[in-house]
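Letter by letter, the sequence shown follows residues 1 to 1116 of this note's numbering.
One or more of the hints may lead you astray.
Simulated pairs of lysine to aspartate or glutamate, EDC-like, Cα-Cα distance not exceeding 20 Å [stated by the list, open to error]:
no., residue 1, residue 2
1, K706, D793
2, K391, E422
3, K529, E162
4, K320, D272
5, K150, E109
6, K532, D272
7, K124, E166
8, K1026, E487
9, K492, E760
10, K594, D568
11, K1026, E822
12, K124, E162
13, K529, E295
Simulated from the structure, these hints should not be mistaken for laboratory data.
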Amino acid sequence: MYFVATSLKLHISPTNSKLPSSITWGARSSDENGYRKYLWDRLAQLENKVDFVGMGYDNRRMSDPDHEGHRGKVIDEISTLSSVGISAAPNFVLLHAGTNDMNKPVDPEGAPARLKNLINKILKVSPKAVVLVCQLVPSTKLQTTQPRIKAFNDAIPSLVEELKNEGKRVIMVPMNDALELSDIDDDLHPNDEGYEKMAVEFTKAILLASSMNWISEPGTPVTPTGSSSADRCKSTPWWYSAGTIATGAKVATSDSSFHQRWSRMGPVHDGDCPRDRIHFMDLDGDGFKDLACVEADTGKSKVMMNIPDGNGKGGMNWRKAETMASGKKSRLGAGVRFADLNGDGRDDYIYVHLITGDVSAWINRGKGEGDAPWQWQSIGVIAEAIGATQKNLQFVDLNGEVGHLGGDRRADLCLVNQESGEVKAWINNGAGIMPDWYRLDTIATGASKAANDSVILADFTGEGRADYMMVGADAKVVGFINRLQEETIAPKWSLPVVVAEGPGETNRESIRLADVTGDGKADYLRMGKDGKFEVWENVGRGGKYQAGEGVFLCDLDGDGASDYFWIDHEGSGWAYLNKGRGSNAWDDLGQIMKNNPHPRESIRMARLTKSGRADYIVVYDDIGQAWFWKNLGPNLNKDGLDDYIYMNNDGATVWWENLGTIPITWGPATLVADGPEGVIPQDVHFADTNGDGLLDYFVVGRVTGKTRTWHNLGFRKEDGSIRWNTPLSFADRTKSTGSAIKIADMTGDGRADYMSMDPENGRLEFWHNRCWPLDESSDGGSSGGSDQGSWKDINCEHPSVVNYTSPAADRWKNIRCDEAWEDALDNWMSMSDTGLGFSAIISGYFKMNEGKNCGNMVEENNCYETKMCDERHGGAAPFLVMNSPVSLSQTLWNMINLFGDAGEAIKGDIGLFAKTFASPDREDGVGLYVILDIVAMGYAGILAPFWSRWAQKVNWSKRNPNDFNTAKDIINDETYQAITIAKDLITLESKDLEISAIMRAWTGGMKSYATRMFNGSEASNKQLSKLIASGKLIDPPAQLGNATNIDLELKKTLYGMMVPMAWRVAGRDLNPLILDSGLSCKDAPNDKYITNVLSEDTRKKRLICDKGKNRGYYLV
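Please put together the full structure from these sequences, using the hints given.
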């Protein structure tokens, strides 16, 4: 046994840089621990206690995985990123750095000097530490990387001697001699044998240091510069996208498909109100649908309250009718609706005007005191000019969640076309009493609807969201379940299921689907014209849950990092311990919670004891409004115990402190947050967003997933409330909805991370909340693919601005151009009614007030000059963002000019187009339509080569020559757009169309295409965004040649095979192509081969003779 430094503790920081994966991290080793596991096992034989330190801990097959191995980083980047390990004051630092500088290469001649700076930085924090400096392991890249490594290694001995002469404890480790090329697994990384040799060399160096009496006690750790300590970081995170870290629990399932089952309750109402005047609504907010009878000519409403039975279900024992809304003369009862607009549980009074279609509303304020009437608050018109009628308007909750725990319980607005089955929707995204509509447009096409079906939106599975149901003429009901999606709040419809076969002798008009029993599932009602009805209670099962909804992120083992806990719909749980801490590495513990028959929606996970491990909690509905509690567990006072939180409808928060006793006891109620305007409880989370140990107030947008936070500044002494700072952006850009967002500390660094979860399977996309150091420039995140606070904070000195040779996609991403473009589009939407054009508003947003009109194809459209970066325009991003539409506009202008010139060049070469390519004497007029289709196709046919040439010429494509899919997508998209516009805009009055007219039509189509591309519509913005994404157009516009060069392409378009894409747009069953016989006009009809392949009718009627060249063609 070896004894090192009389049993002093060895506090070791393994540090390294390597491409593509670090050697210290353990790339290419069988257990991903590299030399560290071998070294640990050797040092464990000594009497010394060993502690590896560093911010890396993603390897999971050794007991002490900490390290400072940074994959893909050069020496200077290691200096920044290794602050945690350096500031831990180790007494040993194992330094293998410089391979990436050699391999890329990045100034290899200056690498030794940079290495010396890094060593001095380490010794400044820990002057008594021993630094083991490696000569680099060899590379099998013998012609490129290895010669640079040799030169670097040759400089290490003198560098080490210089440092030793300065009194510093530095030892060289000759890894280049210890490892041979046979020890390298790939170009750069050792295999297991090589890693074991590295461990031997490090052990020798540690023993050498011991023999020299260089080993001292570890120093005192300090807060590192650039650490995640809140006082050293900017208030907004530095986001690092790690991609998918979990693909879903292995056992994750839903509750199977919906299986219908109905319990007949018999007649439940005798009928004292005609069927067409009956509405089911919850007047008093008790969860049971009451029966309202609405007068036909005034809208006056009387209600019979639904009295629950002894089992707590709606018993349909109706109280005597009482007037709850007085109505108004000329207010037609057919226009009255009842729905909960503000989420308070009580249905409000809504009216759609017969003539104007305006929708007005009155908020239900409850029963007045004593004999006072029911109270209603008018909020005026809540929707106008949307096409609402008294026949198509339905109010339902489209985006709730199971048990309403995550849903907002606010009614959304739907227009249901009973003829086609199409449904258009507006999501109620409000927070107060006034709805704030978010337009989804068409959410169901009605493609499955039969001619006689009627469409009803109602929840038949109990998942909290309205499903799509079709009631047939025989009263059979078929439905599509409304499933949550990750990236849009719009429903994803399941495959059709039979909801109810329907009782015999029942017609469609007599059917209502409404939850009258109060269990959240729509029941089946058969109602006579007189209003007498009977009920079949919906006791069907299945279709309610999605697998991803069962994901709970909580710390199960007390190590500080959240684990993945999946709970099925009956309360059983399976655990996956987080070993990757930001990577996809999990320890499957299997099922750890069994025999717990509680519905998933009643379960919370929180730390109620001092173990640090999350406990399993069931919240019962009968003890309060459980749906308010998004999470039972914010630890507001930094004591490691989760506290009890209650939020009212406005987001105001009351706190009960967990006193840490067994059984659990709670402190007095304290109001700790008033709730910001526009927030409801379902939007609110509590999470430590800045690493100061205090949980912040955190709001997630329901529709977009955008987030903002109020930092917790601590408790006030005078009243015990919490001081909150002004709101800050936390995560601005996401494609996920609020319900898909998960907030949890997945790395154990004390800072809440941001995840997007797929509700279908529980997959997690992960963004690591990293510290954005105060003392670093705003371009600090450019390496490693990181995002930073805002695109506005990135200046013109950023490397991605000044380095024109960097890949366009990297430049675009690193200065956050996508975000700048999206902000500009948001600004356009807010100003689109000002009368200014799209291009002018976009450029004005970036302080480039030049009156741009990029869609106007004239020379002086102010959209012809690319810009240099100028911080007066708001940062670096506007420079690239605005150069992109300029480049596109100029390319289009170049195309238009070439069209005109080439058209003149070939104008007399072909003859009459109509007589050549169609039969003008057809009585049914098909001939003209064929001409129009071919003109549109020709437009696309010439556009395709143009876009192809463009895609090849722009620098982005030159740097990505193998990205055929992207180029193909661009060409296809733009060609498809061209055809569509041509079909809409090209009209011909004569069947005799000369080539010059075709060219004019094509040029006009191109101008219209340019206008549409820059008109600011949603569809155009989507197309434009796709075209400029990844920096494809940041370079000057490509020059596409001259008219002579494209002459042949024009002819091929007119005489060649027509693009199949055009016929998809045309919508006619035509598949023409032009067959060149290669023969004279006289010989072509008699050719033996042509006689075999073409019918006699085609040979006679479809022969096209080019008399100028005496050549026969056929339109086939």
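Structure-based check of all given hints:
Only pairs whose Cα atoms come within 20 Å are accepted, and K706 paired with D793 is accepted, the gap being roughly 19 Å. At most 20 Å may separate the alpha-carbon atoms for a hinted pair to count; K391 and E422 meet this at roughly 13 Å. The hinted pair formed by K529 and E162 fails the criterion: a straight-line CA distance of about 101 Å is larger than 20 Å. About 11 Å separates the Cα atoms of K320 and D272, which keeps this hinted pair within 20 Å; it holds.
Between K150 and E109, the direct Cα distance comes to roughly 11 Å. Compliance with the 20 Å bound is thereby established for this hinted pair. Of the pairs offered as hints, the one joining K532 and D272 holds, with about 7 Å between alpha carbons and a cut-off of 20 Å not exceeded. The hinted pair formed by K124 and E166 meets the criterion: a straight-line CA distance of about 13 Å does not exceed 20 Å. Distance restraint check for K1026 and E487: the Cα-Cα separation of roughly 17 Å lies within the 20 Å cut-off, and the hinted pair is therefore satisfied.
Between K492 and E760, the direct Cα distance comes to roughly 10 Å. Compliance with the 20 Å bound is thereby established for this hinted pair. Proposed proximity of K594 and D568 is supported: the alpha carbons are some 10 Å apart, at most 20 Å. About 12 Å separates the Cα atoms of K1026 and E822, which keeps this hinted pair within 20 Å; it holds. Between K124 and E162, the direct Cα distance comes to roughly 16 Å. Compliance with the 20 Å bound is thereby established for this hinted pair.
Between K529 and E295 the CA atoms are separated by roughly 15 Å; this keeps the pair inside 20 Å, and the hint holds.
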